[in-house]
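Based on the hints, put chains B and C in the right spot on chain A.
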Amino acid sequence: MTKYEEFLIEKGLFITAILSIIVILLIIGFIFKEGLPAMESYGFLNFIFGMDWSPSDGQYGVFTMIIGSIGITLLSLLFAVPLSLLCAIFLAEIAPKTMKRILKPVIETLAGIPSVVYGFFGLIILVPFMRVQFGGTGFSMLTASLILTVMILPTIISISEDALKSVPHEYKEASLALGATHWQTIKNVLFPAAIPGIITAIILGMGRAVGETLAVIMVAGNVTQIPNSIFDPVRALTSNIALEMGYATGLHYNALFATGIILFIMIIILLVIANYFHYKKKVVIGGGYL
Amino acid sequence: MNRIISPKMAQTIMKGVLWASGIITVLILIVIIGYILIKGLPVVSLNFLFSDPIDSGRAGGIFPMIISSLYVTLIAIVVATPLGVGAAVYLSEYAGENTIVKLIRFGAETLASIPSIVFGLFGLAFFVIYLGFGWSVLSGGLILALMVLPTILQVSEVSLEAVPKSYREGSLAIGATKWQTIYRVVLPAGIPGITTGVILGLARAISEAAAILFAVGASLSIPISIFDPARPLSLHLYILATEGISLDNAYGTAAVLVILVLIITVVTNTLVERYSRKMMGR
Amino acid sequence: MDYRIEVEDLNVYFNEAQILKDVSLKIHKNTVTSLIGPSGCGKSTFIRTLNRMNDLIDGFKHDGTVLLDRKDIYDPKVDVVDLRKKIGMVFQKPNPFPKSIFDNVAYGLRVHGINENNAIKEKVEESLKAAALWDEVKDKLDMSAMGLSGGQQQRLCIARTIAVNPEVILMDEPASALDPISTTKIEDLVHKLKNDYTIIIVTHNMQQATRVSKYTAFFLNGEIVESGLTERLFVDPQDKRTEDYITGRFG
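Residue numbers (the working numbering), protein chains in the order written: chain A, 10 to 299; chain B, 4 to 285; chain C, 423 to 673.
Excised from the complex, chain A in its bound form (with noise of 0.2 Å):
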């Protein structure tokens, strides 16, 4: 072993290491270069707010799908977010450990079914469980929230849990020790405490809700139009680009690479607010991680 050997070993570990900031920028570049155009014919303003979506008729506006994401994406926050929560303070305080031997794995699990299995099991149970409840198609942005719910479970229950249980243990025992009872404890001290790990647990859960795709398509119903109730169809970012990129050709193409834009944009958007509360995530080695 020389020296030299050594030195070109560093800067060959050196290159492996910047390569995902290579990647993204790559990413960045080619989605740009392809999206980009489209903007620019069709206005950028236009683009974002434009009620109508027609490629046929030269209409490229996302707005009815920049509202379907985020609606779809609120909506699975409001039923997860409770849930995932719940069951996080439940694994951290207090799930026995027999219990807690059956409910890791099946969180793991939870986080490691298909995305395209999750969008067959909505198509085949949830979807016909809608129509006969609720009436209409039964496809709608309730049935795409409900099934995104079960997908972002684990992402939110894995890290709040992570955050609970790295509050010192001192809080506790001071709370205990004064006579709170172990609810006034999680409540009062153990929960404020992980606030901030828990807020990167619903950033990256939310993230996780906007960039899924293929069991979105499955079960939202795809029409591009403001929804007028939960139980109406919406089509998703993710949706319009997987929809149309088959057949897609000139400034359609490049539009479809715009959507792919506004979407990064929304992912970089959420990365910088997890960012900002410098919840360092531990890595979850088997499963739970984003």
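Simulated from the structure, these hints should not be mistaken for laboratory data.
Check each hint, because a few of them may be wrong.
Cross-link-like lysine to any residue pairs, in silico, SDA-like; alpha carbons within 25 Å at most [to be verified]:
| no. | chain 1 | residue 1 | chain 2 | residue 2 |
| --- | --- | --- | --- | --- |
| 1 | A | K196 | C | L505 |
| 2 | A | K109 | B | I33 |
| 3 | C | K545 | B | I7 |
| 4 | A | K113 | B | V269 |
| 5 | C | K515 | C | K616 |
| 6 | B | K11 | A | P205 |
| 7 | C | K448 | C | P602 |
| 8 | A | K106 | C | I603 |
| 9 | A | K181 | C | D525 |
| 10 | C | K562 | C | I536 |
| 11 | C | K443 | C | K662 |
| 12 | A | K42 | B | G135 |
Positioned in the frame of chain A, the structure of chains B and C alone reads:
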């Protein structure tokens, strides 16, 4: 002191609510997996696994799809593992805490959060069209490699950092160079953790469909060369289900995917358990 | 006799390991009792048995009796939460909550159902005064408790404990993480508090034991070797091992 609910009452109620939330989570999984397996397992036979689809999947088996899945996943892992582990070695052994390292970490985090459909767009523009790989196993495998790279990187970095400092000092003290120390001492000690990262990456690659939607094509025949088009299992399930081709074969394919996930979960858990027991010195 | 706590033949195990062996000790009302002994002798385990903090630890088992005011605290009918209201605890490392100074002291009051703002304010002031901290913090009650010095944090923890009116205060080496000046302040405080509370203080500092306590018990390897009036124990130890310890021949 006039409360409607006493603290002890609240404690009892909340304990019930927390138990319920845990049980609901377990039930959700049981319902989903149970349903898929009950409907799908009767379809899964040796014949289903090892024969070609007939009439675009209306009948017949899923053998080419299994091969396609294995093929793209193999490419993804073979490409991503050295890159991810290399980056992890650099971050944990060579880099200090400086701007470039923070940037690399943020990069990996961002890469992990980019929606799969955006990877799909990029793959189409870059691998399929720009590099001219066309609809092929290679294009699909490379996209998946980029997607699993952050998983392998982050898990490997954690396991390398868990290797005790004394191992490194012991090796350096007998005159080994830095790279010799890493190669002969640190990496072997980190292998179980790295393996876990690779298996997690594998799981992600097998499950993914949206990212390779516009990269592998939808061929029903067995891919031989890396430039052949293919149709991995998850993509096959998507096509069967959304185009209403065959419900039975969709159930069968879904069951196969679910079983793969279950196997992977069991394997990673066993590995992690054995690993942590070893690290705790028992 | 005026005993507040009576411990008899207490054995404590964590999993297979026996930590305390046949410990018997009676604690007088409104006095300070010191528990001394080398590290790992079981004195911390002992006081954590008195407010059942050890219940939190997996594998904790015990036999023998612990009576508070003649009532068994390990009786299945006893509510742990009520018990801990009566027996406060100050920990080795100051552990204020990441909340404001005011909220730290008010925490126990709120938890016990006091919602009336004026009552809380009054009690917070009273407790901070009793803990000799009021003058230093009265202008910054909204400040985070994490911004206080270690000694101030520990006095805050004492204020937090006395705010809920305990009968007994357990102190687990309350000054071991503090500088000498802060230590003096804590010791003065203990002196003042003994009129109203029964105090049990764990310390590995023998001078501290002689300064603050009326009674002392010497722990070694999970047993009480000797206990009695502090003065007597230090001047005229009955057991050879006590003599060795207080003269610094081991530990």
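Consistency of the hints with the structure:
no.: 1; hint: K196/A <-> L505/C; in the structure: 21 Å, holds
no.: 2; hint: K109/A <-> I33/B; in the structure: 16 Å, holds
no.: 3; hint: K545/C <-> I7/B; in the structure: 24 Å, holds
no.: 4; hint: K113/A <-> V269/B; in the structure: 11 Å, holds
no.: 5; hint: K515/C <-> K616/C; in the structure: 22 Å, holds
no.: 6; hint: K11/B <-> P205/A; in the structure: 29 Å, violated
no.: 7; hint: K448/C <-> P602/C; in the structure: 31 Å, violated
no.: 8; hint: K106/A <-> I603/C; in the structure: 46 Å, violated
no.: 9; hint: K181/A <-> D525/C; in the structure: 16 Å, holds
no.: 10; hint: K562/C <-> I536/C; in the structure: 23 Å, holds
no.: 11; hint: K443/C <-> K662/C; in the structure: 19 Å, holds
no.: 12; hint: K42/A <-> G135/B; in the structure: 17 Å, holds
Checked against the numbered hints above, the structure breaks hints 6, 7, 8 and satisfies the rest.
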